[in-house]
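Chains as they are written, first to last, in the working numbering: chain A, 1 to 181; chain B, 1 to 218.
Note that these hints are calculated values from the structure, not bench results.
Don't be surprised by glycine CBs; every beta carbon is placed ideally from N, CA and C.
Treat the hints with care, since some could be wrong.
To be verified - Not the full set, but computed from the structure, chain B residues with beta-carbon under 8 Å of chain A: (1) Glu17; (2) Ile21; (3) Tyr33; (4) His71; (5) Ile72; (6) Arg80; (7) Pro120; (8) Trp126; (9) Ile177; (10) Ser178; (11) Ser181; (12) Leu193; (13) Arg194.
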Amino acid sequence: MVVNCEEVWREISNYLDGGVEPHLRLAMEEHIRGCRRCAAVLDGTRNVVQLYGDERMIEVPLGFSQRLQHRLNEENTHGSRRDFLGWMVAAAAAVLVAGSFEAARSSVFSHPELRSEHAQPGARVPLDMLVVVATDGKTFHAAGCPFIHDKAHIRTMTAREAQREGYAPCIRCMKQYLNAG
Amino acid sequence: MPGETTSLTDPAQQFNEEMLIRRIRDGEQELFYELVRPYERRIYSTALAILRNEADAEDVVQEAVLKALKHIRQFRAESRFSTWLIQITVNEARMRIRRQHADRIEPIDDHQDEEGNYVPRDFADWREIPSEALERKEVRQKLAEALSSLGEKYREVFVLRDMQHLSIEETAKALGISSASVKTRLLRARLMLRDLLAPGLGGSWNSRLSFEKGTKPW
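I would like the entire structure built from these sequences, with the hints used as guidance.
Here it is, written out as structure tokens:
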């Protein structure tokens, strides 16, 4: 299979997301190896995604959290005073009882096994695929994976870099690469 | 307590969230900030990317959070709470834009043709902008400016997918568009940003930076 520059550009985004079929991926890689312009498009696009995916790009104004909290407190105070003060006290007490019961019940169904199965090699994960990692996590993930550890502090990088930094592929979102062949 | 960083592991965070939601639904509304705290920065950046104005973005975040509190009973556990919250924020931000543009005659920039192929600008090579450059405020600002210069539909998709790290499907759901549209817009957004950020071409933002003797901030 042979692809031209336009076809490479059209699929470059899917390529970085690991969303192209293996035969197309190979054809694109073959083309990019011999095409300086497409190599520059790939490098630039990857760079853009990495930069914007960085935690440092998210900044909030000074006092933002306090103002949000204050607004919520105001709402809660007015709301509860208005109508259901007595009811809420009784409800909260009931919730504490029900909550602890539910906590005990739910723990049976929680899945703490995730963090014990991180050692599978990711040999088949496309190395150029962009993945996300948590700074203090152990695994790398496809963007949007619900098992990303500590979503508040994540970075975007290639699978190659993630593996170099010692991250292992997530056994959920990277399943297809772990089980293939 | 306030300002503390939550560093819970994912299963623990998820469990904690479920507990909080249950208690809030049962009346402990004062716990709601605890629930949204891990995501407040993310929803702010989402609102900012759409609205391009800090005051509006903060206002919209507050509205979105109050709305989420009010409708917490409608939250369905099959989606993530963070995604639900982002979705509400997107809707609020969009409504704010519509209101702001209601008195204008021309429609906002949302009718560009996205079917035609986008041809990336031709650079001999891409000069890597290292992530360490993000330590510098002017670099972050220029990246934000480049993003601001995109049309709304491209900014929305890009911010949800590449900054909030939602999946294609979650992005599509949050924006009420198809996954195919997400992919098309994402491709174009990424390529346009690449073109805008390419160093050395006297692009719209490079030329405004006061570099010493042609050096770049990275």
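Each hint tested on the structure:
1. Glu17: 11 Å, violated
2. Ile21: 11 Å, violated
3. Tyr33: With a closest approach of 5 Å, the Tyr33 (chain B) hint holds.
4. His71: Where the cut-off is 8 Å and the nearest Cβ of chain A is about 13 Å from His71 (chain B), the hint is violated.
5. Ile72: 12 Å, violated
6. Arg80: At about 6 Å, which falls below the 8 Å cut-off, the nearest Cβ of chain A leaves the hint on Arg80 (chain B) intact, so it holds.
7. Pro120: 5 Å, holds
8. Trp126: 4 Å, holds
9. Ile177: 16 Å, violated
10. Ser178: 15 Å, violated
11. Ser181: 13 Å, violated
12. Leu193: 5 Å, holds
13. Arg194: Status holds, d = 4 Å.
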